[in-house]
Amino acid sequence: MKRILAAALVLAPVAAMAAGSAHDLVLSHYAVQAKQADSAFAGFSAQRGETLFRTQWAKGDARTPSCTSCHTDNPRDPGRNAKTGRPIDPVAVSANPKRFTDLDQVEKQFGRDCKSVLGRECTPQEKGDYVTFMTGQ
Amino acid sequence: MTMRTNLLRLCLFAALVPAPALAGDDWVPPVKDPLVLKECGACHMAFQPAFLPARSWNRMMDELADHFGEDASLPADKVQAIRATLTANAGDVVGQGRARKYMQWVAPNGTPQRITENPDFERKHRKISDRTWKDPKVVTRSNCPACHRGADQGYYEDD
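Sequences listed follow chains A and B, in order.
FYI, the numbering for the first sequence is -10 to 126, going by my numbering.
FYI, the numbering for the second sequence is 3 to 161, going by my numbering.
For reference, chain A alone in the conformation it holds in the complex (with noise of 0.2 angstroms):
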């Protein structure tokens, strides 16, 4: 009996996890990278990711110079490609819980949109901090 609750107690925070894992599985390979480049590291801030969401970058594409620019102010709305015109489904996951759960696509879309916006590569640190502030919105 108490082997099964020594059992049971070491894998609930583990079930607990797997609702948000595709998430935390982004976060965490973020995570690794953050510190790796700087060791001073101390985790993620959904402010940060507020602020880098809000910011009049200008220093990329002129139809883009924010994340805004297509996302517009609130994330959970729908938004459209300054660009092409195509309607955009909503960047929070409260709205669209798609969103940051295959690596491959979020290293794509930060790959492709923080040029656009920053007009240069995001960081880690700011990758993370971004996705931190969408799972809370």
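Treat the hints as calculated values from the structure; they're not laboratory data.
Glycine included, every Cβ here is placed at the ideal spot set by N, Cα and C.
Careful: at least some of the hints might be erroneous.
As the list claims (entries may be wrong) - Derived lysine-lysine pairs resembling PhoX-like cross-links, with alpha carbons at most 25 angstroms apart:
{"hint": "1", "chain 1": "A", "residue 1": "Lys87", "chain 2": "B", "residue 2": "Lys80"}
{"hint": "2", "chain 1": "A", "residue 1": "Lys97", "chain 2": "B", "residue 2": "Lys40"}
{"hint": "3", "chain 1": "A", "residue 1": "Lys104", "chain 2": "B", "residue 2": "Lys80"}
Said to hold, decoys possible - Among the chain A residues that face chain B by a calculated CB cut under 7 angstroms, a handful are:
{"hint": "4", "residue": "Asn70"}
{"hint": "5", "residue": "Thr73"}
{"hint": "6", "residue": "Gly74"}
{"hint": "7", "residue": "Arg75"}
{"hint": "8", "residue": "Arg101"}
{"hint": "9", "residue": "Lys104"}
Claimed, not checked - Some, not all, of what chain B presents toward chain A, calculated at C-beta under 7 angstroms:
{"hint": "10", "residue": "Cys45"}
{"hint": "11", "residue": "His46"}
{"hint": "12", "residue": "Asp73"}
{"hint": "13", "residue": "Val140"}
{"hint": "14", "residue": "Val141"}
{"hint": "15", "residue": "Thr142"}
{"hint": "16", "residue": "Asn145"}
{"hint": "17", "residue": "Ala148"}
Let chain A serve as the given structure and place chain B on it in line with the hints.
Then chain B, alone, in the frame of chain A:
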């Protein structure tokens, strides 16, 4: 009345002016390949390959790193698979529907990249007002589904 309805009305009005084309003439074979639909359709409609000749698609797949100013690079295996589908269904290969008209305007060795620069596109859209083109839902001339509700299925006569 919603903006969308207004927009459709504008398009509809413009489309009433030219004489109706032969049945099926404003149709091209739709894209069915899941990879092409997913990757080409990520940022814009997955345009039907019949609108450009195979050599145009080859050039486009060679230049994905600067795809109309966007870095649309993909892994080599995906590039190869998409290239194969696009070239096999290109306008100069299948020659079905509207493709024949479009191909008539392409220079023998030309590799046009913008479907919207084909004179046949220009001619079919010459009555569309500036107001329609500047509608916030249109954004750009390549946003076919903004007006053509059947564009994804290759139908362009519903406008």
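Checked hints:
Only pairs whose Cα atoms come within 25 angstroms are accepted, and Lys87(A) paired with Lys80(B) is accepted, the gap being roughly 22 angstroms. Distance check on the hinted pair: Lys97(A) and Lys40(B) sit about 13 angstroms apart at the alpha-carbon level, within 25 angstroms; holds. About 22 angstroms separates the Cα atoms of Lys104(A) and Lys80(B), which keeps this hinted pair within 25 angstroms; it holds. Interface restraint check: Asn70(A) against chain B, minimum CB-CB distance 6 angstroms, threshold 7 angstroms, status holds.
Given the 7 angstroms rule on beta carbons, the hint for Thr73(A) holds: about 4 angstroms separates it from the nearest Cβ of chain B. Taken as an interface hint, Gly74(A) checks out: its beta carbon lies about 3 angstroms from the nearest beta carbon of chain B, inside 7 angstroms. For the restraint placing Arg75(A) at the interface with chain B, the shortest Cβ-Cβ distance is roughly 5 angstroms, inside the 7 angstroms limit, so the hint holds. About 6 angstroms separates the beta-carbon of Arg101(A) from the nearest beta-carbon of chain B, less than 7 angstroms, and the hint is met.
Residue-level restraint check for Lys104(A) holds (minimum Cβ-Cβ distance to chain B is 6 angstroms; threshold 7 angstroms). Interface restraint check for Cys45(B): the shortest CB-CB distance to chain A comes to about 6 angstroms, inside 7 angstroms, so the restraint holds. Annotation: His46(B) was flagged as interfacial toward chain A, and the flag holds, the nearest CB pair being 4 angstroms apart, inside 7 angstroms. Checking Asp73(B) against chain A: minimum C-beta separation of about 6 angstroms stays under 7 angstroms; hint holds.
Among the interface hints, the one on Val140(B) holds; its C-beta lies about 6 angstroms from the nearest C-beta in chain A, closer than the 7 angstroms criterion. A cut of 7 angstroms between beta carbons decides the hint on Val141(B): the least distance to chain A is about 3 angstroms, and the hint holds. Annotation: interface hint on Thr142(B) holds; nearest CB of chain A at approximately 6 angstroms, less than 7 angstroms. Below 7 angstroms, beta-carbon pairs count as interface contacts, and Asn145(B) has one with chain A at about 4 angstroms; its hint therefore holds.
Evaluation of the Ala148(B) hint against chain A yields a held restraint, the C-beta minimum of about 6 angstroms falling below 7 angstroms.
Violated hints are absent here; each numbered hint is respected by the structure.
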